[in-house]
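Visitor: Assemble the whole structure, with the sequences as input and the hints as a guide.
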Amino acid sequence: MRRSEKAIVAIATLILLTAYITRLFTRGGPYFERPLTIVDHVGPQRHETRDALVLLPKVRPLLPRGARVTCFQPGNRDTMPDFFAAVGQLPQQTVVSPNGQLPEYVIAVRQPFTNTSYRVMAEFPEGRLYKAIP
Amino acid sequence: MTDFLWIAGILFLIFPGAILWRMPAIGRLDLPARLSIALAGGIAIVTAILYLYNFVHMPWTRFTVGVPLIACVILSRRGGEGSRDQESFASLSMTTMLILIFAALTIYGVATARETCGDLIYFWGPKGQRFHQAGSIDAGFLGFRDYFLMHSDYPPLVPLLYAWASLVAHRFSWWGALFLMPILLLATAFAFRGLARNGWYAALLTAILGYGFAIGMVGGAADPVLLLFEVIALAALTFDFEILAVIALAAVALTKVEGAVFVAMCAFAYLVTVWRRAPSPAAERPRAAAPTLRAILIPLPAAIFLGSWIVFAWRNQLIDSYGLARGSIHLDLFASVVGETLRQASYKIAYVPWLATLVPLALRRNFRRAWLPLIVAAGTLLSALFYYLHAVSPSWWIEASAQRVLLTPLACLVVASAAATE
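Same order as they appear, the protein sequences are chains Z and G.
Final position of the first sequence in the working numbering is 347; the numbers increase by one with none missing.
Final position of the second sequence in the working numbering is 621; the numbers increase by one with none missing.
If you are wondering where the hints come from, they were derived from the structure by calculation, not from laboratory data.
None of the values given here were measured: they were computed from a predicted structure.
Don't take every hint at face value.
Which stretches of chain G does chain Z cover? Using the computed rule of at least three CB atoms under 8 angstroms from a CB of chain Z, they are [to be verified]:
no.	region
1	317–324
2	556–567
The list that follows gives simulated cross-link-like pairs (lysine to any residue, SDA-like), each with its CA atoms no further than 20 angstroms apart [to be verified]:
no.	chain 1	residue 1	chain 2	residue 2
3	Z	K271	Z	R247
4	Z	K271	Z	Q305
5	G	K547	Z	T235
6	Z	K219	G	T201
7	Z	K219	G	R563
8	Z	K344	Z	Q305
9	Z	K271	Z	P325
10	Z	K271	G	W374
11	G	K547	Z	G256
12	Z	K344	Z	M334
13	Z	K219	G	M293
14	Z	K219	G	T620
15	G	K547	Z	K344
16	Z	K344	Z	N328
17	Z	K219	G	K547
18	Z	K271	G	T201
19	Z	K219	G	R564
20	Z	K219	G	I300
21	Z	K344	Z	P316
22	Z	K344	Z	R278
23	G	K547	Z	T239
24	Z	K344	Z	T327
25	Z	K271	Z	M334
26	Z	K271	G	R370
27	Z	K344	Z	R273
28	G	K547	Z	T231
29	Z	K219	G	L299
30	Z	K219	G	T295
31	G	K547	Z	L230
All C-beta atoms in this analysis are idealised placements derived from N, C-alpha and C, irrespective of residue type, glycine included.
Guide: Spelled out as structure tokens, the structure:
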């Protein structure tokens with residue numbers, strides 16, 4: 214390779230290195246602590262699934278195998294992130310959409326679920342688990 | 200412990216993949232290149248096994264999957280005698296260091312959860328997990344009416360790879376899926392360095408992909424796997440490792456939807472350019488078949504795998520993305536689509552990745568061997584625009600995916616730049 218070509222490649226690589234470090238830095242601190250979830254630092258703001266990813270492992274042992282369950286943030290029109298996070302986090306259960314008929318178990322992220330047909334089973338800082346009243 | 204076992208399950212694939220070292224041209228590459236190609240080969244082998252077992256209703260167990268893998272390990276024992284021609288790269292140590300620095304940054308990025316792709320949470324992870332539990336490609340899960348985001352007809356290589364690692368570790372590892380990214384970045388860099396015999400462009404490729412992975416947020420998604428196979432396939436075609444290209448192209452077709460276009464572009468570019476190229480000193484063997492026949496044979500396994508997958512998806516009513524081609528094209532949005540794609544193509548760094556590959560090409564003007572990757576770069580770029588023109592809301596799609604999708608033409612340009620140095 215010619216020297217000019219090596220110089221171009223080297224300069225570009227160094228620019229990319231600087232940009233990469235900057236990009237990692239701007240995603241926010243803390244920089245050397247083990248994160249709680251896999252989305253803790255994907256941006257300066259809290260990721261839309263962060264609370265669900267903290268809550269769901271806590272709820273998981275309380276749910277029977279094969280139970281039908283849904284997960285969403287009450288009052289939030291965008292039910293997709295928490296619902297799909299639950300699909301991955303609850304592999305032993307059948308996670309159904311909160312937009313259809315509600316199942317036996319409901320996981321409410323952050324906000325309380327006010328449906329009177331359900332009672333609270335467990336409460337955590339990130340949300341609550343509800344069960345349908347028979 | 201699960202995370203460690205999960206990653207160990209992936210790394211174990213180097214051993215069966217070392218069967219590729221039996222090809223003399225690959226056996227002569229340097230050790231990092233051989234290990235990287237072995238990892239890619241192992242991934243292709245294990246996913247092919249799981250894929251075929253799915254159709255013959257063979258259960259996925261450590262025993263049933265392990266036996267053919269061990270057979271590959273035994274068969275591979277005589278291959279790989281190491282690099283006989285110890286070509287010294289004057290800049291080897293410096294370029295290796297650059298590659299390792301970018302790999303280290305990627306490790307930091309995934310370890311501190313700075314590069315996680317949302318798609319890992321929404322569908323790549325759940326698919327791998329569910330396939331592992333079901334012991335098959337779970338069509339019922341993919342087609343479940345509520346799971347509209349599951350991209351039911353996306354090719355299955357990545358979920359199958361995740362299912363294999365979960366089989367080893369007994370459960371899916373979210374962190375393991377993330378840590379796969381720096382491993383694949385290193386494998387891509389070293390495989391390319393070995394095939395192209397060019398340390399500087401390997402360093403540039405690592406820089407572009409490392410930064411691209413970070414800004415495009417691809418941790419745990421299929422893009423690092425896709426780029427590993429794409430780079431190997433294209434470098435193998437460009438530098439006359441054609442059998443390796445056949446395997447890598449088959450894997451590309453089963454990794455992502457856009458892989459089909461890449462395979463088609465590679466076949467076309469090969470057909471167009473094969474007549475004017477003399478074989479490189481690293482050629483695997485004297486070419487027996489006629490160029491046209493070779494251009495048909497090279498993408499044939501990819502076409503068979505992809506065809507079987509589309510038939511499977513069609514029979515199980517899973518067609519989603521592959522049906523998009525039937526949609527109408529929005530030519531009225533052409534200017535805005537091109538404008539938005541160009542904006543994303545800057546990578547928020549003033550187009551440095553493009554300039555770093557195009558300027559050396561323009562200076563050198565030695566296109567003989569570079570035509571093939573250049574044609575593929577142009578084809579994949581145009582196909583991305585073509586896809587966006589079919590989307591209902593292209594702006595959202597471009598913002599969500601362009602920085603990832605454009606890594607393919609960028610990687611093609613790096614291969615072209617390296618080819619032009621010959």
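Visitor: Does each hint fit the structure? Answer for all of them.
Guide: A quick look at each hint next to the structure:
1. 317–324: holds (count 6)
2. 556–567: holds (count 4)
3. Z:K271 - Z:R247: Answer holds: Z:K271 to Z:R247 is near 19 angstroms, not above 20 angstroms.
4. Z:K271 - Z:Q305: holds (14 angstroms)
5. G:K547 - Z:T235: Holds. G:K547 to Z:T235 sits at ~12 angstroms (cutoff 20 angstroms).
6. Z:K219 - G:T201: Since the Cα atoms of Z:K219 and G:T201 sit roughly 43 angstroms apart, the hinted pair is violated (cutoff 20 angstroms).
7. Z:K219 - G:R563: Since the Cα atoms of Z:K219 and G:R563 sit roughly 12 angstroms apart, the hinted pair holds (cutoff 20 angstroms).
8. Z:K344 - Z:Q305: holds (17 angstroms)
9. Z:K271 - Z:P325: Holds, at about 17 angstroms.
10. Z:K271 - G:W374: holds (18 angstroms)
11. G:K547 - Z:G256: holds (16 angstroms)
12. Z:K344 - Z:M334: holds (6 angstroms)
13. Z:K219 - G:M293: holds (12 angstroms)
14. Z:K219 - G:T620: Since the Cα atoms of Z:K219 and G:T620 sit roughly 11 angstroms apart, the hinted pair holds (cutoff 20 angstroms).
15. G:K547 - Z:K344: violated (48 angstroms)
16. Z:K344 - Z:N328: Holds, at roughly 11 angstroms.
17. Z:K219 - G:K547: violated (24 angstroms)
18. Z:K271 - G:T201: holds (18 angstroms)
19. Z:K219 - G:R564: Judged against 20 angstroms, a Cα distance of about 16 angstroms means the pair holds.
20. Z:K219 - G:I300: Given that 20 angstroms is the threshold and the Cα spacing comes to 18 angstroms, the pair holds.
21. Z:K344 - Z:P316: holds (9 angstroms)
22. Z:K344 - Z:R278: holds (15 angstroms)
23. G:K547 - Z:T239: At roughly 13 angstroms apart (the allowed maximum being 20 angstroms), Z:T239 and G:K547 satisfy the hint.
24. Z:K344 - Z:T327: holds (12 angstroms)
25. Z:K271 - Z:M334: holds (12 angstroms)
26. Z:K271 - G:R370: holds (17 angstroms)
27. Z:K344 - Z:R273: Holds: Z:K344 and Z:R273 sit about 14 angstroms apart, inside 20 angstroms.
28. G:K547 - Z:T231: Holds, at roughly 12 angstroms.
29. Z:K219 - G:L299: Distance ~18 angstroms between Z:K219 and G:L299 Cα, so the pair holds.
30. Z:K219 - G:T295: holds (14 angstroms)
31. G:K547 - Z:L230: holds (13 angstroms)
In this structure, the earlier hints numbered 6, 15, 17 are contradicted, and the remaining ones agree with it.
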